[in-house]
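Chemist: One-letter residues, chain by chain:
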Amino acid sequence: MKTWTVGSLTHYIQELLEFDPQLGDVWLSGELSNVSHSSAGHLYFTLKDATAAIRCVMWRSVVEKVTWAPAQGTAALAHGRISVYSVQGNYQLVVDQLQPIGLGDLYNQFERLREQLKAEGLFDDARKRLLPAFPKLLGIVTSPQAAALRDVLNVIGRRYPLVRIRLAPTLVQGTTAPPQIVAALQAVDADDEVDAILLVRGGGSLEELWAFNDEQVARAIAACRHPVVCGVGHETDFTIADFVADVRAPTPSAAAELAVPDQAELRQRVGLRARQIEQALRRRLSLARQATDQQRRALQRLSPQTQIEARRQQVDDLSQRAGRSLGHALALHHSQLAGWQARLAALSPLAVLERGYAIVRQQDTGAIVRQVEQVAPGDRLSVRVQDGEFGATVRSGA
Amino acid sequence: MSDVQDAAATAKNLSFEDALAELEAAVRQLEEGNLPLTEAIALYERGMGLAQQCSDLLDGAQLQVEQLTLVNGRQQRGFFFADEQA
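Those protein sequences? They're chains A and B, same order as listed. Numbered per my numbering, the first sequence finishes at 398, counting up by one with no gaps. Numbered per my numbering, the second sequence finishes at 1086, counting up by one with no gaps.
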């Protein structure tokens, strides 16, 4: 059996409670009691109903934003998370929003309707639609005389004057307001061109804002085909319309800011894109220049001019070599010829004749006379000497 | 120059949203860097025309407010006049 220490068990309970997603996001309605302000500026109170009570604490930073005086016996709606105060072994609701929900009947009505619509799923996150980034036509449902409309138009005119506004005027307080709000919502929602609808009203008392806790208004918001931004009252005011709208804005001006983009940012974005496209083109051009340079170099290598020059040089070179070798061959032939001539000259009989010899032939036969017995007296001979021939007759034999 | 004017002229019909979307698509396409040069230059000129259109639209815009009124049970649209409209 495990024995806990007080601290370890408290720590375990603390983790159970504080890590629970349900308990981290609580809307709690009940009656205020034991309200006490601490010297540090925090507010301690208990929310109770007929059967139970829960301790609540609101830190000074939140207390400073509360525009009403939470008092004993007031019905209130609180939002916060459950946490454990280990020193005293308490669990408590750490409240970040607190608003009165009226007295008696109003409170009960609010609570009943909130529970009912919630059970029907009208507050589900899955139902919430996104607002278009660049609306062309915005419907506004509000009172044309109210300061809230002026604020909204100022904000939209400053941020995004490109949008067209279609105002559906309506009363925004009193018992005749809810059916008018419903009709105005339906009138702007009927046009397919509408991108989103702003339902706005400035601050007021709980009773003055009551039209926005009306069931028919809530159902009309839920039935809209276009997303609805609800900006009613001040930051601390919560209405049923806020819960059912696609987007809840704390004030009318905030609703306007959520509904349209800001032209200062858009101008920056356009400027940035213009610079980016310029840089991209610059890069593309330098890429093209590099490619061109590369091609030009390749082309230079391949160009006929270069080829012709190369061939010309080749021809030049060859002809020089041809010239040189032809010269050699001629010289060689010359010297060979001279050699043969000299040898021929040495062998020529004429050369012998020059030295005083003569060639003797039989005149009739032309036969060369080499021996004495070849001739007989009376034979006619022909004698060849160096410069010519003459006839001779044999006188006597051997 | 005339191409730039043409690109700007055709961008004139675009809404802010469409012009911005096309501009951003052009930036992406050109940044990918695979386009033939003539197309890249045309895209750049188009992009600059689109950026100009975006600026022109913002410069020239004036908030238009119309009001729905119920006349004999029928919705009608009219101009909205407020005493202190800025």
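Derived by calculation from the structure, the hints in this document are not laboratory data. Among the hints, erroneous ones may be present.
[Claimed, not checked] Okay, the calculated beta carbon distance ranges per label pair:
| # | chain 1 | residue 1 | chain 2 | residue 2 | range |
| --- | --- | --- | --- | --- | --- |
| 1 | B | Asp1056 | A | Phe19 | 35 to 43 Å |
| 2 | A | Leu285 | B | Asp1056 | 24 to 32 Å |
| 3 | B | Glu1066 | A | Arg158 | 13 to 21 Å |
| 4 | B | Gln1076 | A | Ala147 | 23 to 31 Å |
| 5 | A | Gln145 | B | Gln1076 | 28 to 36 Å |
| 6 | A | Glu309 | B | Asp1056 | 52 to 60 Å |
| 7 | B | Gly1060 | A | Leu285 | 50 to 58 Å |
| 8 | B | Asp1056 | A | Asp125 | 47 to 55 Å |
| 9 | B | Glu1066 | A | Leu17 | 28 to 36 Å |
| 10 | B | Asp1056 | A | Gln294 | 53 to 61 Å |
| 11 | B | Gly1060 | A | Glu208 | 57 to 65 Å |
| 12 | B | Gly1078 | A | Ala71 | 41 to 49 Å |
| 13 | B | Asp1056 | A | Arg158 | 13 to 21 Å |
[To be verified] Quick partial rundown of chain A residues pointing at chain B, CB under 8 Å, derived from the structure:
| # | residue |
| --- | --- |
| 14 | Val6 |
| 15 | Gly7 |
| 16 | Leu9 |
| 17 | Gly41 |
| 18 | Tyr44 |
| 19 | Leu131 |
| 20 | Leu266 |
| 21 | Gln276 |
| 22 | Arg283 |
Bear in mind that the values here come from a model prediction, so they are computed numbers and not experimental data. Using N, Cα and C, we set each Cβ at its ideal position, and we do this for glycine too.
Chemist: Taking the hints in turn, state whether each one holds.
Modeler: Status of the hints after comparison with the structure:
Against the hinted window of 35 to 43 Å, the Cβ-Cβ separation of aspartate 1056 (chain B) and phenylalanine 19 (chain A) comes to about 54 Å, which falls outside the hint. In this structure the hint that leucine 285 (chain A) and aspartate 1056 (chain B) lie 24 to 32 Å apart at CB holds, the actual value being about 27 Å. Between glutamate 1066 (chain B) and arginine 158 (chain A) the Cβ separation comes to about 19 Å, which falls inside the hinted range of 13 to 21 Å. Between glutamine 1076 (chain B) and alanine 147 (chain A) the C-beta distance comes to about 26 Å, which sits within the given range of 23 to 31 Å.
At about 20 Å, the CB distance of glutamine 145 (chain A) to glutamine 1076 (chain B) disagrees with the hint of 28 to 36 Å. Separated by about 59 Å at the C-beta atoms, glutamate 309 (chain A) and aspartate 1056 (chain B) satisfy the suggested range of 52 to 60 Å. Taking the beta carbon of each, glycine 1060 (chain B) and leucine 285 (chain A) are about 33 Å apart, not inside 50 to 58 Å as hinted. One distance hint, 47 to 55 Å for the beta-carbon pair aspartate 1056 (chain B) and aspartate 125 (chain A), is violated here, with the actual separation near 40 Å.
Under the hint 28 to 36 Å, the C-beta atoms of glutamate 1066 (chain B) and leucine 17 (chain A), about 54 Å apart, miss the expected range. Roughly 41 Å separates the CB atoms of aspartate 1056 (chain B) and glutamine 294 (chain A), a value that falls outside the hinted 53 to 61 Å. In this structure the supplied range 57 to 65 Å is violated for glycine 1060 (chain B) paired with glutamate 208 (chain A), their Cβ-Cβ distance being about 40 Å. Distance hint check for glycine 1078 (chain B) and alanine 71 (chain A): the Cβ-Cβ separation is about 47 Å, which falls inside the suggested range of 41 to 49 Å.
Roughly 19 Å separates the CB atoms of aspartate 1056 (chain B) and arginine 158 (chain A), a value that falls within the hinted 13 to 21 Å. The criterion of a C-beta within 8 Å of any C-beta in chain B is not met by valine 6 (chain A), whose closest approach is roughly 61 Å, and the hint is violated. Annotation: interface hint on glycine 7 (chain A) violated; nearest CB of chain B at approximately 57 Å, more than 8 Å. Evaluation of the leucine 9 (chain A) hint against chain B yields a violated restraint, the C-beta minimum of about 58 Å exceeding 8 Å.
Interface restraint check: glycine 41 (chain A) against chain B, minimum CB-CB distance 39 Å, threshold 8 Å, status violated. Against a cut-off of 8 Å between C-beta atoms, the interface hint on tyrosine 44 (chain A) is violated, since the closest Cβ of chain B lies about 45 Å away. Residue-level restraint check for leucine 131 (chain A) is violated (minimum Cβ-Cβ distance to chain B is 13 Å; threshold 8 Å). At a threshold of 8 Å, the smallest CB-CB gap from leucine 266 (chain A) to chain B is about 7 Å, leaving the interface hint in force.
Because the beta carbon of glutamine 276 (chain A) sits about 5 Å from the nearest beta carbon in chain B, less than 8 Å, this interface hint is met. The criterion of a C-beta within 8 Å of any C-beta in chain B is met by arginine 283 (chain A), whose closest approach is roughly 7 Å, and the hint holds.
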